[in-house]
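Novice: Sequence:
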Amino acid sequence: MLFSTPFISTGKIRKGTKGDTPVTFVRAEFNNVALGDSSKVTVSSEGTAKYNFTSSFDFTSEGTNTLDDLAHKPVFLTVFEVLPKEKKQKEEKTVILGQAVVDLLPLLEGECTFEIMTPLHPIIGSPLENLRPGAKCCLEVTVSVSEALLTTAQILGGNLVKVTLEAAYSVPEIFGTTGPPQNYMVGLQLPTIGEKDCAIFFKNGTLKLGGEKEYVPRPKKWPIANILAPGAQYIPDSFITGGPFVEEDGELNCPEDKDFRNQAETLKKRIVWDFESRCYLDPPAVANFQKRIADCRFWPVEITRVPVAPVSKGKSTKVDKGDDDGQVFFHGVAYVNMVPLLYPGVKRIRGAFRVYPYLDGPVYEKTKCLFSLFHDVGHQNKLGNVPGINSPLAKPILTKIVKEEKPPREKDTVRKLSSIKSQSSDNPLEGEVPLYQNAEGQQYVEAGTYLLLEIELEKALVPKRLPEELASRVKEMIPPRPALVRRTGGAQKAVDDYHAQIQNIATAILEEYHKMFGKELTSGKDLDNQTLENHKCQLNYELNCSGKYFAFKEQLKVKHSFKKKKKSFEEFIFLVSCLLFAFGSTYPLKTAAVATSTTSEQLRLFAYEAQVNEDFPLATVYYEERLVRDNQNLEHWLDYGSFCLLTNDILKAQECFRKALSLNQTNIDSLLLCGLVAIMLEHYEEAEIFFEDATCLEPTNVVAWTLLGLFYEIQNNDIRMEMAFHEAAKQLNARLAKEKSTAETVDVEGKLESSLTALGVVIASPSKGDIPQGEFMDLECQHSLHSKGSRMQVCSVTGHHFYLSGNHAEAKECYERTLSFVVDAAEMHFIYLRLGSIYLEEGENEKAKNTYLLACKKSPSCLTWLGVGIACYRLEELTEAEDALSEANAMNNYNAEVWAYLTLVCLKVSLQLPTDKAPSRLKLKDEALLKEIHMVQDMVGFGDPSF
Numbered sequence: 001m002l003f004s005t006p007f008i009s010t011g012k013i014r015k016g017t018k019g020d021t022p023v024t025f026v027r028a029e030f031n032n033v034a035l036g037d038s039s040k041v042t043v044s045s046e047g048t049a050k051y052n053f054t055s056s057f058d059f060t061s062e063g064t065n066t067l068d069d070l071a072h073k074p075v076f077l078t079v080f081e082v083l084p085k086e087k088k089q090k091e092e093k094t095v096i097l098g099q100a101v102v103d104l105l106p107l108l109e110g111e112c113t114f115e116i117m118t119p120l121h122p123i124i125g126s127p128l129e130n131l132r133p134g135a136k137c138c139l140e141v142t143v144s145v146s147e148a149l150l151t152t153a154q155i156l157g158g159n160l161v162k163v164t165l166e167a168a169y170s171v172p173e174i175f176g177t178t179g180p181p182q183n184y185m186v187g188l189q190l191p192t193i194g195e196k197d198c199a200i201f202f203k204n205g206t207l208k209l210g211g212e213k214e215y216v217p218r219p220k221k222w223p224i225a226n227i228l229a230p231g232a233q234y235i236p237d238s239f240i241t242g243g244p245f246v247e248e249d250g251e252l253n254c255p256e257d258k259d260f261r262n263q264a265e266t267l268k269k270r271i272v273w274d275f276e277s278r279c280y281l282d283p284p285a286v287a288n289f290q291k292r293i294a295d296c297r298f299w300p301v302e303i304t305r306v307p308v309a310p311v312s313k314g315k316s317t318k319v320d321k322g323d324d325d326g327q328v329f330f331h332g333v334a335y336v337n338m339v340p341l342l343y344p345g346v347k348r349i350r351g352a353f354r355v356y357p358y359l360d361g362p363v364y365e366k367t368k369c370l371f372s373l374f375h376d377v378g379h380q381n382k383l384g385n386v387p388g389i390n391s392p393l394a395k396p397i398l399t400k401i402v403k404e405e406k407p408p409r410e411k412d413t414v415r416k417l418s419s420i421k422s423q424s425s426d427n428p429l430e431g432e433v434p435l436y437q438n439a440e441g442q443q444y445v446e447a448g449t450y451l452l453l454e455i456e457l458e459k460a461l462v463p464k465r466l467p468e469e470l471a472s473r474v475k476e477m478i479p480p481r482p483a484l485v486r487r488t489g490g491a492q493k494a495v496d497d498y499h500a501q502i503q504n505i506a507t508a509i510l511e512e513y514h515k516m517f518g519k520e521l522t523s524g525k526d527l528d529n530q531t532l533e534n535h536k537c538q539l540n541y542e543l544n545c546s547g548k549y550f551a552f553k554e555q556l557k558v559k560h561s562f563k564k565k566k567k568s569f570e571e572f573i574f575l576v577s578c579l580l581f582a583f584g585s586t587y588p589l590k591t592a593a594v595a596t597s598t599t600s601e602q603l604r605l606f607a608y609e610a611q612v613n614e615d616f617p618l619a620t621v622y623y624e625e626r627l628v629r630d631n632q633n634l635e636h637w638l639d640y641g642s643f644c645l646l647t648n649d650i651l652k653a654q655e656c657f658r659k660a661l662s663l664n665q666t667n668i669d670s671l672l673l674c675g676l677v678a679i680m681l682e683h684y685e686e687a688e689i690f691f692e693d694a695t696c697l698e699p700t701n702v703v704a705w706t707l708l709g710l711f712y713e714i715q716n717n718d719i720r721m722e723m724a725f726h727e728a729a730k731q732l733n734a735r736l737a738k739e740k741s742t743a744e745t746v747d748v749e750g751k752l753e754s755s756l757t758a759l760g761v762v763i764a765s766p767s768k769g770d771i772p773q774g775e776f777m778d779l780e781c782q783h784s785l786h787s788k789g790s791r792m793q794v795c796s797v798t799g800h801h802f803y804l805s806g807n808h809a810e811a812k813e814c815y816e817r818t819l820s821f822v823v824d825a826a827e828m829h830f831i832y833l834r835l836g837s838i839y840l841e842e843g844e845n846e847k848a849k850n851t852y853l854l855a856c857k858k859s860p861s862c863l864t865w866l867g868v869g870i871a872c873y874r875l876e877e878l879t880e881a882e883d884a885l886s887e888a889n890a891m892n893n894y895n896a897e898v899w900a901y902l903t904l905v906c907l908k909v910s911l912q913l914p915t916d917k918a919p920s921r922l923k924l925k926d927e928a929l930l931k932e933i934h935m936v937q938d939m940v941g942f943g944d945p946s947f
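At position 686 of the sequence shown (counting the first as 1) the number is 686 in the UniProt record's numbering, and the numbers step up by one without a gap.
No lab work stands behind these hints, which were simulated from the structure alone. Yeah, the Cβ is synthetic: ideal placement off N, Cα and C, and Gly gets one too. A few of these clues could be false.
In silico EDC-like cross-links for lysine to aspartate or glutamate, where the CA-CA straight-line distance does not exceed 16 Å [as the list claims (entries may be wrong)]:
| no. | residue 1 | residue 2 |
| --- | --- | --- |
| 1 | 548 | 511 |
| 2 | 858 | 842 |
| 3 | 847 | 887 |
| 4 | 347 | 248 |
| 5 | 50 | 140 |
| 6 | 347 | 458 |
| 7 | 291 | 718 |
Estimated spans, in silico, between C-beta atoms of each pair [as the list claims (entries may be wrong)]:
| no. | residue 1 | residue 2 | range |
| --- | --- | --- | --- |
| 8 | 874 | 925 | 41 to 49 Å |
| 9 | 256 | 466 | 33 to 41 Å |
| 10 | 940 | 612 | 33 to 41 Å |
| 11 | 734 | 210 | 24 to 32 Å |
| 12 | 740 | 612 | 45 to 53 Å |
| 13 | 179 | 146 | 47 to 55 Å |
| 14 | 458 | 263 | 29 to 37 Å |
| 15 | 740 | 142 | 55 to 63 Å |
| 16 | 928 | 510 | 54 to 62 Å |
| 17 | 700 | 257 | 19 to 27 Å |
Hey, can you work out the whole structure from these sequences and the hints?
Specialist: Set out below in structure tokens:
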């Protein structure tokens with residue numbers, strides 16, 4: 001394929017060596033090959049030179065100019081000035097004014113032609129350095145190819161890898177700036193075409209002494225030597241931006257590593273490269289790259305130091321005299337965890353990676369690599385004649401993790417495997433050469449050396465589903481419920497009309513009463529009960545005789561046919577309540593207290609109370625009552641669905657959670673609970689969508705990431721499980737750091753568990769193993785030990801544990817300790833209930849009474865008032881007991897125990913009421929309480945002991 005690159009139409013040259021209108025020409029170079037020179041052009045007075053110069057080179061898939069070469073090598077355009085000939089000068093002289101670079105990367109992105117205005121960077125000593133401020137020299141360049149280099153399939157399926165080596169920090173102290181020059185090199189390998197590997201070398205690192213930190217942002221450099229202009233070594237629009245070390249993907253990113261990182265990157269010696277190398281991966285190579293990361297997560301990145309020896313002319317060098325001259329020094333290796341590149345949507349990893357001595361055994365064990373990049377090219381490195389970056393000459397020395405196209409020589413293989421075996425066993429093999437210890441490489445470990453590098457992909461290896469796609473999938477599974485349209489002639493209007501009719505009739509009756517007895521009312525005398533009763537009888541007689549009674553009755557009649565007796569009774573109660581409400585709102589009585597209806601929060605408390613006491617039918621009644629009152633409230637559906645999960649009614653729970661999600665499709669709790677139910681029903685694809693959508697909507701939600709990790713653990717997807725747990729740990733660390741910076745005392749211990757409990761479920765992993773979720777669970781527990789709120793929470797949870805296990809003495813001690821804290825623990829309601837019951841068991845009735853009264857003050861319920869009533873009854877405070885039991889009965893008149901103690905109170909005060917039959921009708925199960933009632937009946941001499 002023929003390139004027309006570059007075509008230089010115009011150049012702006014501001015100044016030459018011998019004047020303002022110099023004679024110049026341009027030389028184009030690519031891959032260390034000169035492509036040609038332009039004609040000599042005189043720069044105009046305006047500083048413009050029109051070269052109209054075209055050069056070209058051939059592209060081959062395998063040869064000197066490959067896709068890899070186009071990816072990481074630019075075209076160099078060097079501008080020369082032709083000096084005037086002096087006397088007796090045979091040949092004309094030239095000097096270099098500057099150099100420009102043209103990045104060919106757009107050709108790998110599918111473009112066939114592009115134009116750029118590339119700056120002309122002056123070389124040292126060039127007159128272009130002395131231009132006035134704001135003046136800029138540049139070349140107008142057009143690059144074109146006869147046809148696209150890559151097909152559409154190759155563009156979509158291929159990828160581009162960018163490897164940036166920033167520096168090696170905290171290098172051994174033996175590294176010095178004095179002495180013979182050294183070539184500091186780093187190398188790694190990547191697949192490029194199919195299963196063929198390509199070596200990437202970064203050479204000529206600059207050793208710097210400590211004292212200041214590398215500034216950011218700073219430009220990245222081309223990994224190419226012998227660039228003439230200092231400004232031309234920088235890749236256009238490509239910078240090292242750095243970032244917080246705690247957000248890195250490598251090692252040494254924990255808070256405890258902060259001091260070491262600061263010292264290493266500020267005070268200690270370092271080797272700086274700042275090079276970026278690129279490598280094109282065709283579709284088969286992308287699949288191979290992905291498979292090799294999955295098979296072996298660690299990738300070896302080697303580092304070495306090689307003395308730079310001058311090349312002798314005309315004589316054989318020391319390289320030819322023996323194999324020892326090809327030896328590399330200070331050979332180390334860093335193990336880069338490449339697994340994050342398999343996380344959905346991840347295109348970049350950047351971090352610090354510790355350097356270890358290069359030993360065949362450990363390297364093979366961690367990376368499955370049998371050969372080193374530097375062992376076979378050490379003599380070339382020593383001379384500084386390293387094959388070009390990504391050069392095909394380096395490919396035969398590269399490792400094949402899975403297979404080798406050609407098997408290595410038998411002698412070399414035996415030597416390698418013997419070395420590996422000797423390093424993995426405690427006893428050396430018989431007749432084996434002692435293991436070579438890399439003493440120089442060990443100095444990296446002692447100094448704490450680490451490489452800071454970045455690997456970036458143009459496209460993620462595993463695409464991540466977009467939030468829009470996830471939202472669309474959720475919408476397909478659960479269509480949103482439209483908001484209810486309030487009808488003008490609906491039920492509310494009927495009730496309002498009924499209230500208005502009642503008010504009109506009441507007004508008419510009062511007018512009749514005033515006509516008949518108005519004089520007596522205005523006399524100022526108080527009317528006794530007998531007089532009022534006479535007035536009532538006379539009014540009824542007058543209304544019946546006049547026919548007004550029947551007229552009023554017809555106006556209040558509701559046109560409805562009652563088909564069922566139970567429904568008729570319920571509707572009668574509703575109509576009577578409407579009557580009382582309308583009459584009370586029109587003519588309020590000053591002495592009458594207005595009764596308030598039970599709120600939704602009270603119903604939730606009653607339901608949860610019954611749920612904890614395992615009275616599931618009663619809890620169901622309360623949960624359904626909340627839905628009847630307001631079925632558009634998302635929390636009502638979530639609470640009822642969580643209760644259904646507890647009772648193992650999975651399908652009912654699914655219905656509730658889906659209805660909650662239909663009300664609000666961005667609610668995190670609804671999404672997570674729908675995902676949990678989908679797992680229980682083995683609808684794994686739906687579960688993944690729900691969990692992914694939750695993490696997209698709220699990326700900082702620790703619970704969402706944890707549940708996603710548990711889901712992948714069930715699926716045996718170790719890579720994605722690690723990704724989810726790592727993200728959960730990251731978000732939890734960020735939350736803890738924020739809480740610490742604001743100096744807040746927060747209960748962190750059990751944060752994840754309490755969040756899941758708030759969702760109505762408890763998740764337990766069957767086996768933790770060596771997985772990252774322990775990382776953030778340990779952080780929570782460590783933080784909890786230093787938190788007063790956490791100690792209080794631990795006391796309350798421990799008390800519940802002892803209470804449920806029957807150890808009431810220990811539970812009592814834990815509950816009392818919990819109450820001693822100034823701040824209330826979670827679920828204080830049940831602490832009061834259980835502590836009060838323990839006091840009643842032990843006969844400490846006064847303490848029981850006070851404890852239950854505290855519960856009544858904070859969250860009154862039937863059980864709290866029942867506890868007060870029982871304690872007062874045991875203390876012989878019968879009047880207070882009756883009042884408390886009446887309150888309990890008002891909140892739940894189906895509680896058999898309340899009726900039983902009301903019966904005892906009535907028997908004790910010799911009040912003969914039919915309450916003694918209520919416990920039997922409600923099926924009281926407490927035999928001891930039944931015996932006590934029988935005993936009191938026998939003692940007072942009345943009551944029905946037969947029930």
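Novice: Next step is simple, just say for each hint if it's right about the structure.
Specialist: A quick look at each hint next to the structure:
1. 548 / 511: holds (12 Å)
2. 858 / 842: Roughly 24 Å between the alpha carbons, so the hint for residue 858 and residue 842 is violated.
3. 847 / 887: Distance ~20 Å between residue 847 and residue 887 Cα, so the pair is violated.
4. 347 / 248: holds (13 Å)
5. 50 / 140: It holds: about 10 Å lies between the C-alpha atoms, which stays within 16 Å.
6. 347 / 458: Given pair residue 347, residue 458 holds - Cα atoms ~7 Å apart, limit 16 Å.
7. 291 / 718: holds (14 Å)
8. 874 / 925: 41 to 49 Å: violated (20 Å)
9. 256 / 466: 33 to 41 Å: holds (38 Å)
10. 940 / 612: 33 to 41 Å: At roughly 36 Å between Cβ atoms, residue 612 and residue 940 fall inside 33 to 41 Å, so the hint holds.
11. 734 / 210: 24 to 32 Å: Between residue 734 and residue 210, where Cβ atoms are some 31 Å apart, the hint holds.
12. 740 / 612: 45 to 53 Å: Violated: the Cβ-Cβ distance is about 35 Å, outside 45 to 53 Å.
13. 179 / 146: 47 to 55 Å: Roughly 53 Å apart at Cβ, these two residues keep to the hinted range, so it holds.
14. 458 / 263: 29 to 37 Å: holds (36 Å)
15. 740 / 142: 55 to 63 Å: Distance hint for residue 740, residue 142 holds at roughly 57 Å.
16. 928 / 510: 54 to 62 Å: At 56 Å between Cβs, range holds.
17. 700 / 257: 19 to 27 Å: Check passed, 23 Å falls within 19 to 27 Å.
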